[in-house]
Amino acid sequence: MMNQIEHSPCAGCHQRCCINYTVTITGYDAWLIATELQRDMREFVVYYPAQKDEPDNFRLDHGEMAFKIALGKGAANGEEQPCIFWLSLPEGYARCSIYPFRPFVCQSYPTFLNEGLVQLRTDVLCPQRSWNMSTMDLPAWRRRLLRYQMEYDIYAYVVERWNDFVARSPADVRYPINLYYSYLIAVYDRLHEMRQTISKAREESILQQWGSCIERRINPLKQLQQNRDQSFGPRWMEFVADLLATIDSASALELEMGTITECLDDMAKPAQEMSVA
Amino acid sequence: MIPQAVCSTKEMLWLSCWEKRCCSYYTVTLTGSDIWRISKTMQLPPQVFTRYAEAPASAEDGFALDASGKHYWTALAKRDTEEQPPGTCCFLLRPPNGHAHCALGDLRPTVCKSFPSILINGVLCIGDYSGCTCRAWALAHVDIGQETALAQILARERAEYREIVHRWNRRVEQAKQQYSYMEFCNYLMNVYAERDQQTQSLDVA
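Heads up: the sequence lines are chains Z and Y, in that order.
Start counting the first sequence at 3; every next residue gets the next number (the working numbering).
Start counting the second sequence at 145; every next residue gets the next number (the working numbering).
Since the hints were made in silico from the structure, they are not lab data.
Worth double-checking, as some hints may not be accurate.
[As the list claims (entries may be wrong)] The list that follows gives simulated cross-link-like pairs (lysine to aspartate or glutamate, EDC-like), each with its CA atoms no further than 20 Å apart:
| id | chain 1 | residue 1 | chain 2 | residue 2 |
| --- | --- | --- | --- | --- |
| 1 | Y | LYS184 | Z | ASP139 |
| 2 | Y | LYS257 | Z | ASP58 |
| 3 | Y | LYS222 | Z | GLU38 |
| 4 | Y | LYS184 | Z | GLU93 |
| 5 | Z | LYS202 | Z | ASP166 |
| 6 | Y | LYS184 | Y | ASP272 |
| 7 | Z | LYS70 | Z | ASP166 |
| 8 | Y | LYS257 | Y | GLU338 |
| 9 | Z | LYS75 | Z | GLU38 |
| 10 | Y | LYS214 | Y | GLU204 |
| 11 | Y | LYS154 | Z | GLU38 |
| 12 | Z | LYS224 | Z | ASP58 |
| 13 | Y | LYS184 | Y | ASP287 |
| 14 | Y | LYS154 | Y | GLU304 |
| 15 | Z | LYS202 | Z | GLU240 |
[Unchecked claim] Just so you have them, the derived chain Z footprint on chain Y, three or more residues with Cβ under 8 Å:
| id | region |
| --- | --- |
| 16 | 163 to 175 |
| 17 | 247 to 253 |
| 18 | 293 to 300 |
No experiment lies behind these values; they were computed from the predicted model shown.
Ideal Cβ positions, reconstructed from N, Cα and C, are used throughout, including at glycine.
The following block holds chain Y by itself, in its conformation from the complex (with noise of 0.2 Å):
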């Protein structure tokens, strides 16, 4: 027996979901915002929970480390374990009887919430996804109205952090010397920071 729900009808289902195939399937790409969040709040050094990884040159949220021209995406860190499968994040946490559960709950990524949400030229669809294995979502199983502020979050803080991170290439542009995965967390500890005093001045005033 399950207690009455008191969450949204995809967010019951995803929680009651046990492989939670959509962690270990996809690799979850980050922006600042999510690693400010995860990281302010589980007090937790952005370089534990994330990695980089070389970005195609066309992605407009990579960020430089040297003037050599490549380009990193940052992500949550996935699981080394031989008991998990493998490629499984990190936050995913599954007992002995195998019923899995994200351990960030509301803290997680703007892009795990929206899942499998997408906003298609302001529609909202379901995203063409293989990966789960608990059921074939349709938009029966969301709410529309919730769904779509939660696409427009997700587009706004990707805007803002291609936005910071392309005053950070142009840093490294300038500096023309080769800075590390750290020195970049740390600029963005820095400017979300600012960003959140910033608000919150607003906020008082």
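Bound conformation, chain Z alone (with noise of 0.2 Å):
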């Protein structure tokens, strides 16, 4: 395993990025972060006002503010506030310290998905010269940018359920975060569930398909939900289902029958909000 370990350029640098990007993270990411540390998600996420429209947007109720769920900063540094799982070491050095469970915006950093193709973004934070093409194992890095973009997918439909729940609730309401949080952890146990049963070599192939999905702009999950009559020939397809019926029982569960709204006793400890200029 160790000697398949790509050296870094970001080893040696000051990680720039992990100071002063504020992490946008997906459910899954949240999840990950919390079953390895076994963390209530309060200590680690925080929530922020969305500046546009976009598919991971939630909404907590009938209002217009919509928002995002992203990791808290740390102690301040002096003038900066890294991420809060920004590790200081003897010497000037620096680690993520959860660098095997980090979320995927870290992990694909600095790259893109371009028609298929890995690409190096140009608005970097990295110092000059850092990466070169020719010395990155570009399959992994695509498969990272692939596996990045299905949770994001994922993540967008998991928001929609939530937010048709916001929407059918009295107009009066407003949800603690709380719920949100519980919410995700449930969904994401059950799709950790789902998940369990699927082998390697057909995640893999499941992971191609998606690929070419994103190509064509296309999140499966909202296509096949709207297309629920048509045959599941091939496997992937097979597999798109059962996300989706694993999301929408989840949900169902915990929000129409109330099992997470139980949890609102158990609440009080406040989530920490962020504003966002």
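Assembling the complex is the task here: the two chains are given apart, and the hints tell you how they should meet.
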């Protein structure tokens, strides 16, 4: 395993990306970190008002305001406020303290997919000449980007189900953010159980198929939701149908049947809200 | 609300401990295997996260740096800042809410992973530790099979490290010159890299 480690220019950088950015995450990222660290999401997730209309914006009431989730910030270090998981080490070194399960947006930085190809972003904080495509393991980067997009699409659907629930609620109700976090945990626990049954080989094939949808700018979950009568021949479409069914049933159980609203009494601890200028 | 645990009971108890006093109370002595694994994966030079201190003459894994007869141990570096309790491990991250976690996770030294279990004459026991503030550990908190396997790995890694240190000490004795701690670390890196390569060649064959 250790021989497969790709030398990363991040190892010698002063991690400006971990200090300057607000790390927006998906529900899966939040669930994975909470699972791996056995933490309450309120300990490391913040929510902030969305600046533009995007599929991962969630609402807490009937108002105009929509929100996103991000990693919180740690203790201020002079004028800088690094990521909550940023670890300063002796001799000026620093490392991510959740590296093996860091959010997908961090894993894929500083690349993006363009017509199926891995490309380097030009608007990055990395020191000049840090990255060289010829020395990067491009299939691994492509895989990370595909996985990120897949998780983003799944999260968009999870958010949509939540927003539907909020829209159907009485107009004067404002749900606490903690209920949203509990909803995410309940849904992703179910998704995790479902994904456990998928072999590595099938997972790889699903990812490649998802990639072809990304190139056509289609979220397979949305497409399938709109055409539920079509026959699901390809095995990956069966996977998409399973995803939809799992999210739908988890959402119905947790939201419509009120399973997690029973937890409201346990939510006295305030969550962190962050204002973004 | 916390997601369903996907780890052992002991791991879950350790992760949920806020203070992690074990990470400041003890000095974590390392084997070469720990140093190699952490250095390689975290892409950090050993001198950044380790410190060395004089070991008692009876220490079987004490390394020499000259022919004076003095031997040393290597341990995880401690953090020396005002915000942290004194003596906190350099890999322990304590966020503003105080719930500390180990940045090494699964990579952490084998002695940390096997805490609080020890093998006495082949029998798994819970050490007589007074450092923990979260609980008094009991065998009921651990999976006996898993813990025994971990303690055996620790014993193997220590035996291998002793052998490697003895070879280094013979080299120092013969050369009759002063070596630096960095040179000792470089020696370890070379030896363990070679060992990994040999293991992989055997796997391929």
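Quick rundown of the hints versus the structure:
1. Y:LYS184 with Z:ASP139: holds, 18 Å
2. Y:LYS257 with Z:ASP58: Between LYS257 (chain Y) and ASP58 (chain Z) the Cα gap is close to 38 Å, so the pair fails against 20 Å, i.e. violated.
3. Y:LYS222 with Z:GLU38: violated, 24 Å
4. Y:LYS184 with Z:GLU93: holds, 18 Å
5. Z:LYS202 with Z:ASP166: violated, 34 Å
6. Y:LYS184 with Y:ASP272: violated, 33 Å
7. Z:LYS70 with Z:ASP166: holds, 16 Å
8. Y:LYS257 with Y:GLU338: violated, 25 Å
9. Z:LYS75 with Z:GLU38: This hinted pair holds, its Cα atoms lying about 19 Å apart.
10. Y:LYS214 with Y:GLU204: holds, 12 Å
11. Y:LYS154 with Z:GLU38: holds, 14 Å
12. Z:LYS224 with Z:ASP58: Holds, at roughly 13 Å.
13. Y:LYS184 with Y:ASP287: violated, 30 Å
14. Y:LYS154 with Y:GLU304: Distance of about 27 Å is beyond 20 Å: violated.
15. Z:LYS202 with Z:GLU240: holds, 16 Å
16. 163 to 175: violated (count 0)
17. 247 to 253: holds (count 3)
18. 293 to 300: violated (count 0)
Against the hints set out earlier in the document, violations occur for numbers 2, 3, 5, 6, 8, 13, 14, 16 and 18.
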